[in-house]
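Protein chains: 2
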Amino acid sequence: MNPYQAPLAEMKFLLDKVFDAPQTWASLPAIAENVDMDTAVAIMDEADKISRELLHPINRSGDEQGVVHQDDKVITPDGYKEAYTQYAEGGWVGLCGEPEFGGMGMPKMLGVLVDEMAYSACNAFTLYGSLTAGAALCINAHGSDELKQKYLPMMYSGEWSGAMDMTEPQAGSDLRGIRTKAVPLDDGSYSITGSKIFITAGDHDLTENVIHLVLAKLPDSNGISLFLVPKIKVDDSGALGESNHVTVGSIEHKMGLKASSTCVMNYDDAQGYLIGRANRGLVCMFTMMNYERLAIGIQGLGTSQAAYQMAADYAKERVQGVAAGGSPTGATSDPIIVHGDVRRMLLNIRVLTEAGRALSVLTGQQLDIAKYGEGEAQAKASRYVGLLTPVAKAFLSDRGLDAAITAQQVFGGHGYIRETGIEQLVRDTRIAQIYEGTNGIQAIDFLGRKVTGDKVAALTEFVNECTAKLATLSHADAAHKAKVTDLLQQLILVASEINDKKLEKPAVINACAVDFLDAFGHVLYGYFWLLMSDAAVSHADKEFAAQKRYLSDFYINKMLPKAEYHLAQVRAGDETIMNMPESLF
Amino acid sequence: MNPYQAPLAEMKFLLDKVFDAPQTWASLPAIAENVDMDTAVAIMDEADKISRELLHPINRSGDEQGVVHQDDKVITPDGYKEAYTQYAEGGWVGLCGEPEFGGMGMPKMLGVLVDEMAYSACNAFTLYGSLTAGAALCINAHGSDELKQKYLPMMYSGEWSGAMDMTEPQAGSDLRGIRTKAVPLDDGSYSITGSKIFITAGDHDLTENVIHLVLAKLPDSNGISLFLVPKIKVDDSGALGESNHVTVGSIEHKMGLKASSTCVMNYDDAQGYLIGRANRGLVCMFTMMNYERLAIGIQGLGTSQAAYQMAADYAKERVQGVAAGGSPTGATSDPIIVHGDVRRMLLNIRVLTEAGRALSVLTGQQLDIAKYGEGEAQAKASRYVGLLTPVAKAFLSDRGLDAAITAQQVFGGHGYIRETGIEQLVRDTRIAQIYEGTNGIQAIDFLGRKVTGDKVAALTEFVNECTAKLATLSHADAAHKAKVTDLLQQLILVASEINDKKLEKPAVINACAVDFLDAFGHVLYGYFWLLMSDAAVSHADKEFAAQKRYLSDFYINKMLPKAEYHLAQVRAGDETIMNMPESLF
Numbered sequence: 017m018n019p020y021q022a023p024l025a026e027m028k029f030l031l032d033k034v035f036d037a038p039q040t041w042a043s044l045p046a047i048a049e050n051v052d053m054d055t056a057v058a059i060m061d062e063a064d065k066i067s068r069e070l071l072h073p074i075n076r077s078g079d080e081q082g083v084v085h086q087d088d089k090v091i092t093p094d095g096y097k098e099a100y101t102q103y104a105e106g107g108w109v110g111l112c113g114e115p116e117f118g119g120m121g122m123p124k125m126l127g128v129l130v131d132e133m134a135y136s137a138c139n140a141f142t143l144y145g146s147l148t149a150g151a152a153l154c155i156n157a158h159g160s161d162e163l164k165q166k167y168l169p170m171m172y173s174g175e176w177s178g179a180m181d182m183t184e185p186q187a188g189s190d191l192r193g194i195r196t197k198a199v200p201l202d203d204g205s206y207s208i209t210g211s212k213i214f215i216t217a218g219d220h221d222l223t224e225n226v227i228h229l230v231l232a233k234l235p236d237s238n239g240i241s242l243f244l245v246p247k248i249k250v251d252d253s254g255a256l257g258e259s260n261h262v263t264v265g266s267i268e269h270k271m272g273l274k275a276s277s278t279c280v281m282n283y284d285d286a287q288g289y290l291i292g293r294a295n296r297g298l299v300c301m302f303t304m305m306n307y308e309r310l311a312i313g314i315q316g317l318g319t320s321q322a323a324y325q326m327a328a329d330y331a332k333e334r335v336q337g338v339a340a341g342g343s344p345t346g347a348t349s350d351p352i353i354v355h356g357d358v359r360r361m362l363l364n365i366r367v368l369t370e371a372g373r374a375l376s377v378l379t380g381q382q383l384d385i386a387k388y389g390e391g392e393a394q395a396k397a398s399r400y401v402g403l404l405t406p407v408a409k410a411f412l413s414d415r416g417l418d419a420a421i422t423a424q425q426v427f428g429g430h431g432y433i434r435e436t437g438i439e440q441l442v443r444d445t446r447i448a449q450i451y452e453g454t455n456g457i458q459a460i461d462f463l464g465r466k467v468t469g470d471k472v473a474a475l476t477e478f479v480n481e482c483t484a485k486l487a488t489l490s491h492a493d494a495a496h497k498a499k500v501t502d503l504l505q506q507l508i509l510v511a512s513e514i515n516d517k518k519l520e521k522p523a524v525i526n527a528c529a530v531d532f533l534d535a536f537g538h539v540l541y542g543y544f545w546l547l548m549s550d551a552a553v554s555h556a557d558k559e560f561a562a563q564k565r566y567l568s569d570f571y572i573n574k575m576l577p578k579a580e581y582h583l584a585q586v587r588a589g590d591e592t593i594m595n596m597p598e599s600l601f
Numbered sequence: 017m018n019p020y021q022a023p024l025a026e027m028k029f030l031l032d033k034v035f036d037a038p039q040t041w042a043s044l045p046a047i048a049e050n051v052d053m054d055t056a057v058a059i060m061d062e063a064d065k066i067s068r069e070l071l072h073p074i075n076r077s078g079d080e081q082g083v084v085h086q087d088d089k090v091i092t093p094d095g096y097k098e099a100y101t102q103y104a105e106g107g108w109v110g111l112c113g114e115p116e117f118g119g120m121g122m123p124k125m126l127g128v129l130v131d132e133m134a135y136s137a138c139n140a141f142t143l144y145g146s147l148t149a150g151a152a153l154c155i156n157a158h159g160s161d162e163l164k165q166k167y168l169p170m171m172y173s174g175e176w177s178g179a180m181d182m183t184e185p186q187a188g189s190d191l192r193g194i195r196t197k198a199v200p201l202d203d204g205s206y207s208i209t210g211s212k213i214f215i216t217a218g219d220h221d222l223t224e225n226v227i228h229l230v231l232a233k234l235p236d237s238n239g240i241s242l243f244l245v246p247k248i249k250v251d252d253s254g255a256l257g258e259s260n261h262v263t264v265g266s267i268e269h270k271m272g273l274k275a276s277s278t279c280v281m282n283y284d285d286a287q288g289y290l291i292g293r294a295n296r297g298l299v300c301m302f303t304m305m306n307y308e309r310l311a312i313g314i315q316g317l318g319t320s321q322a323a324y325q326m327a328a329d330y331a332k333e334r335v336q337g338v339a340a341g342g343s344p345t346g347a348t349s350d351p352i353i354v355h356g357d358v359r360r361m362l363l364n365i366r367v368l369t370e371a372g373r374a375l376s377v378l379t380g381q382q383l384d385i386a387k388y389g390e391g392e393a394q395a396k397a398s399r400y401v402g403l404l405t406p407v408a409k410a411f412l413s414d415r416g417l418d419a420a421i422t423a424q425q426v427f428g429g430h431g432y433i434r435e436t437g438i439e440q441l442v443r444d445t446r447i448a449q450i451y452e453g454t455n456g457i458q459a460i461d462f463l464g465r466k467v468t469g470d471k472v473a474a475l476t477e478f479v480n481e482c483t484a485k486l487a488t489l490s491h492a493d494a495a496h497k498a499k500v501t502d503l504l505q506q507l508i509l510v511a512s513e514i515n516d517k518k519l520e521k522p523a524v525i526n527a528c529a530v531d532f533l534d535a536f537g538h539v540l541y542g543y544f545w546l547l548m549s550d551a552a553v554s555h556a557d558k559e560f561a562a563q564k565r566y567l568s569d570f571y572i573n574k575m576l577p578k579a580e581y582h583l584a585q586v587r588a589g590d591e592t593i594m595n596m597p598e599s600l601f
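Those protein sequences? They're chains A and B, same order as listed. Each residue of the first sequence is one higher than the one before, starting from 17 at the first, in the numbering used here. Each residue of the second sequence is one higher than the one before, starting from 17 at the first, in the numbering used here.
Hints are computed from structural coordinates only; laboratory data are not their basis. A couple of the hints might just be wrong.
Some chain B residues well away from chain A (every beta-carbon gap over 10 Å; in silico) [unchecked claim]:
no., residue
1, V34
2, A48
3, I59
4, P73
5, R195
When the alpha-carbon atoms are kept at most 20 Å apart in a straight line, the in silico SDA-like pairs for lysine to any residue are as follows [what the hints assert, rightly or not]:
no., chain 1, residue 1, chain 2, residue 2
6, B, K332, A, A584
7, B, K578, A, A584
8, A, K97, A, I66
9, B, K578, A, E591
Simulated restraints on C-beta separations [claimed, not checked]:
no., chain 1, residue 1, chain 2, residue 2, range
10, A, L519, B, D557, 30 to 40 Å
11, B, K89, A, G106, 42 to 52 Å
12, A, S343, B, S512, 22 to 32 Å
13, B, A584, A, G342, 28 to 38 Å
14, B, D329, A, R434, 25 to 35 Å
15, B, K471, A, D61, 53 to 63 Å
16, B, D94, A, E80, 47 to 57 Å
17, B, T55, A, E591, 35 to 45 Å
18, A, E591, B, K471, 25 to 35 Å
19, B, G265, A, I248, 43 to 53 Å
20, A, S554, B, A584, 29 to 39 Å
21, B, E98, A, R296, 54 to 64 Å
22, A, S343, B, G265, 30 to 40 Å
Cβ atoms here follow ideal geometry from the backbone N, Cα and C, with glycine treated the same way.
Assemble the whole structure, with the sequences as input and the hints as a guide.
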C-alpha cells in the first residue's frame, strides 16, 4: 500500500484560485498579520509530511490494538503518546487558536485543509486534537477571562486536552432529559454530580489533564447550563493539584475508531466552573458543536480522499481481464482501471471528494469572515455558516461512507481483508454520520431552522449569489451553467413550498429533510464543479485543467441528476411516510 | 434485544397467494410427491424455531470469538459444532437435495425462505451448510454416478461439508490465470497441486471431511477443469482413509463473518476426480456458482429482515423528542417512531425487504420449474433463471448493506456499539456484494450476456409477462399500474439502445451495467408491490391487507423514482466515464 499523499495541488488551487484566500485574508486584519499564501503553502507542506510520516504509520496498528481500560486508566495504543506529543509540540492543536493565549491564529479556511490531511492519515488520532480545539473555541467564546487565562494556553499547547460531555443514557438527540446536577458552592464554583456516556477522548494517557465541558442542570431548574470540569484540579498558579472526582466508568467497544477512547464518565461532587450564563448552556455548547460538526464532516472528507488514493492505486496495479474492445497495450491482461465499472466507481469518489473539499473550504472561509470580519460582510457570513454547517456535517460524512464502501468494492475480495486497510476506513468513518447530531438531525436543523426558519431568506440570498457567480464564468459549458442555475432556483421553489406547507403539516419538515439536504448538496457540488473547472483553465499545468474539465463533465452528466431525484422526493411529501399506523411497523 | 422472529405471515402469503406455490407444485410431479402447503408451513414453522433457538444465540458470541487457526486445525467458535450437528441431523443441509441420495427433495421456492431465516439468524453459520448444498448440487448435476453415490449421501446428511475452490492470488474475477495443476494418474484420477485463496469453509471442525470442488488446468491446456478433491481420502466402502494432502495455509482476518472460516488452501499432490468434461470446468462450476449467487443474495435479504426487526423494535421503545405538531398521547416524550425521518428509514428497509423476498421466491420458483419441469415451460424458466440470478445476487446484497446501515442509523450512537449487534450485520453482509462475483460482475453478466446476449429477447419476454399480469390486477391503483407498466417498457427500450450501441462502443456495457441492473431491480420491485398489495386485499387479516397497501403506496411514491434516475444514467452513456486518461486518475 502506498503511503498517504495529501492532494496539495488541489488544496492550493482551491485556496488561491477558487475561493481567493489572499483577497479574503487581506480583508481581515487579524488574519492578515498571521498568514499569506506563502505561509499557508509552507504549513500545508508540513501538514502533508506529518500526516504521512507521523500519523498514518499508527493508523492500522492502533486499530488492531485499540484503547484499553485497565486499573481505572485508559491506555491508548503503542505510538499514540509519542505521536501526540510531537503533534502538540508542532503547534497543530492550537493552529487556529487565539495568539493571545498561545494559538497560532491561522484562518479556518486553512485549518480545514490541515484537518482533512490528518483525518485522511488517521481518523482516530485526529479526534483527540479536534475535541481539544473545539473545547478551547467554546471557552474562548463564552468563558470568563480567568478561565481563559488558566486553561487556553495549556490546551492550545496540547498539554491538556478537551472533551464535550453531553449525552446521558436517556438523553441523546433530546437533551431535555439530562440529569447531571450542578449545585452552587460558596466560592462561586459548582459541585457536579452525574454520568455521561459516549464521551470521545473522555480519558486517555496522551495528556496530563482533560478539560471537560459538561452540560448539567442547576437545582430546581429545567434549563441546561455548561460547566468546565477538569479531570485534575488546577490551582491558582496553574499547577495540577488533586483529583477532581472525574472517573471513567468504562470504555465502549465499537465498530471502528478503536484507537479513540469513548468513555462513560462519572462525576461525583466534581468541582466545575460555569461557562456563559446559567441556563444558557446549549447556546455555548453550540459554539463547540458547530465547530465539531464541520470537523466531523471533514472526517468524512478525509476518509473519502484516503479511500480514493487507495482504490486508484490498486486499480492501476491490479491486472485482471482485458479492456472491452481489446487491450489498449495489446496485453493479454490489463489493469482493472480499463474497465468502465471500475472507472465509474473511482470517478464517483473523486468528484464527490473534490467538491466536498470545496464545501469544506467555503465553510471555513465563512467562519473566518464571521469571526474576524465586520459589518454586513460579517453578518452575511454568519448566515452562511448557519446554512452550510449542517450540510457540511451530513453531506460530507454521508459521502465519506459511500466513498469508503465504493473504494472497498474496487478491491474485490481483498477489500474485505483487514490487512488491506480499506475496511478500516468503512468502520472508522461510519460513526461520522451519527455523532455530533445524527445526519437526520442535521437535515432537520437545515430545513426546519436554517432554510425555513427565516422563510427561505438566507437560502435565497446564498443561492442568488451562486447564480450571479455562475453567470460570470467564461469557460464553463453553457448548457451545464443553465442546468445548475435552474436547479439552484428549484431549491428556492421547493423550500418555499415546504415553508408554505409546514404549519398545516408539521411532519413535513422531519419527513422530507434528508432529501432536501441531499438535493442541496448535489446542486451545490454542481456549482463547485463549474467554479473549479472554470478556474482551472488558467492553471499553469494544462493536464490539471484538462482533468478538472473531465471531472466536471462527469459530475454534471452522472451525479447532478441525483439532485432532481431528491427534489422530486421532497415534492412527493410526507403522506406515504406518516400514514401507516405505528402498530403496523 | 428481542430474539429473531421469522416473518412467517409474509412468507406464507408470498408462497400461497402471490406466486401460487400449490399450482406450481401440482405441475411438477417430482415436487408434488414431497410437499404441499401444509408440509411447507410445517417446515417454515420449524425453520423459524431453529433459527431463533439454535442459530441466533451463537451469532454474536461467534463474532466476538471468531475462527482460530491453530496447529494446522481450524477451530470454529464455541457452540458451532453442537449447533451444526443438530442442524444437519434435522435434515436442513439436504433440504432441497435429491431424495435418491438422502436429500429431502424440497422445492427451492421453499428452500429460499428457509435460507433467509437462517441468514437472518446467523450469517456466518449458514454459509457452511450453503456451500455444502451448492457443492452437492454441482456433483449431482455433473458428477459420475460413482462420485454421486460416494459423496452425496454424506453431504446431504451434513456429515461432510463442501467448498468451492476457484480464486488464486493472480486469478479472481478473471479465472483465465489460474495455475493449479491437475496431472492424470493411471487409475483415472488426477494429482492436484496448487494454492487457492478466499476459500469459504475451506476447513473447520464441524465435519469429518471437507469435499472441495477445485478448478485446475490439465497439462499443456489453457482450459479449466473441475475436480472433486476430498480433504481426507474415501475408500471404496465409503470409509475415511488417509490424508489427501489438502492443508490450510492460513485463515483470513476479515471485516466481518468472523465465525466463517476463510482459508488459503494448499494441494500438494492431492488426489482429485474429474467432474464433467475436461476443459469444461467453468460450465460445471457455474451450476454451483448460480446456486451460490442466489444464496448470497439471500444472505443480503436475511440481513435486511434482521436489521428491520431490530430497528423497528428499537424505534418503538426508544423515547426521545416529541412528535411534530405535538405528542399523539400527550406525553412529554414520544418513541422515536413518531418522527418522519425515522419512519422514512424503517419504511425504506421494509419495502425493499418484502419486495426482495418476492424476488427470492420468484427465482426459487423458476429454478424449480427449470429443474423439474418439461417442454416450453422448462425452457422459459431456464431463461428466467439466467435473467434473474445476477439480479438476485447483486440487488439483494446491495439492499442488504443499505438496510443494515440504515437500521444502524435508527439506533443513533448505540448503533456503533458492538453490544447492540446491528454493526455486526453491516460487517457481516458487506462481503455479499463482493464474493461469488462482485456486483459489478453480476451487472455485466446481466446486461452483457443475459439482456443483450440474445438481443433483448428474454428480457422482452419476461417484461411482457409482467405487463400482462399487471393488467389483470383488479385492486391496484390505476395510476400506479400505468407507472410501473411504462417503466417496464422503458427497460426494453433502454436495453435495445444499449444493444444497438455495443458493437460500436464496446465499453458501454461495462460502464452502464450497474445502473441498468439497479433500474431493473427498482422497476421489478414496483411490479412486486402491486402484485402483493393486490393479492393482500383478499387476505383474512384486514390489517395485513391495509399494511401491504401502505407499503405499496410508499414504494411507488418514494422508491420507484430511483428507477428513472438509473435509466437516465444508462442513457447518459459511457463517454464521461471512459474519456479521462488513466494517468489523470
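Consistency of the hints with the structure:
| no. | hint | in the structure |
| --- | --- | --- |
| 1 | V34 | 19 Å, holds |
| 2 | A48 | 36 Å, holds |
| 3 | I59 | 27 Å, holds |
| 4 | P73 | 20 Å, holds |
| 5 | R195 | 14 Å, holds |
| 6 | B:K332 x A:A584 | 29 Å, violated |
| 7 | B:K578 x A:A584 | 10 Å, holds |
| 8 | A:K97 x A:I66 | 15 Å, holds |
| 9 | B:K578 x A:E591 | 19 Å, holds |
| 10 | A:L519 x B:D557: 30 to 40 Å | 38 Å, holds |
| 11 | B:K89 x A:G106: 42 to 52 Å | 49 Å, holds |
| 12 | A:S343 x B:S512: 22 to 32 Å | 29 Å, holds |
| 13 | B:A584 x A:G342: 28 to 38 Å | 30 Å, holds |
| 14 | B:D329 x A:R434: 25 to 35 Å | 31 Å, holds |
| 15 | B:K471 x A:D61: 53 to 63 Å | 57 Å, holds |
| 16 | B:D94 x A:E80: 47 to 57 Å | 23 Å, violated |
| 17 | B:T55 x A:E591: 35 to 45 Å | 42 Å, holds |
| 18 | A:E591 x B:K471: 25 to 35 Å | 42 Å, violated |
| 19 | B:G265 x A:I248: 43 to 53 Å | 52 Å, holds |
| 20 | A:S554 x B:A584: 29 to 39 Å | 33 Å, holds |
| 21 | B:E98 x A:R296: 54 to 64 Å | 60 Å, holds |
| 22 | A:S343 x B:G265: 30 to 40 Å | 32 Å, holds |
Hints 6, 16 and 18 from the list above are not met by this structure, while the remaining hints are.
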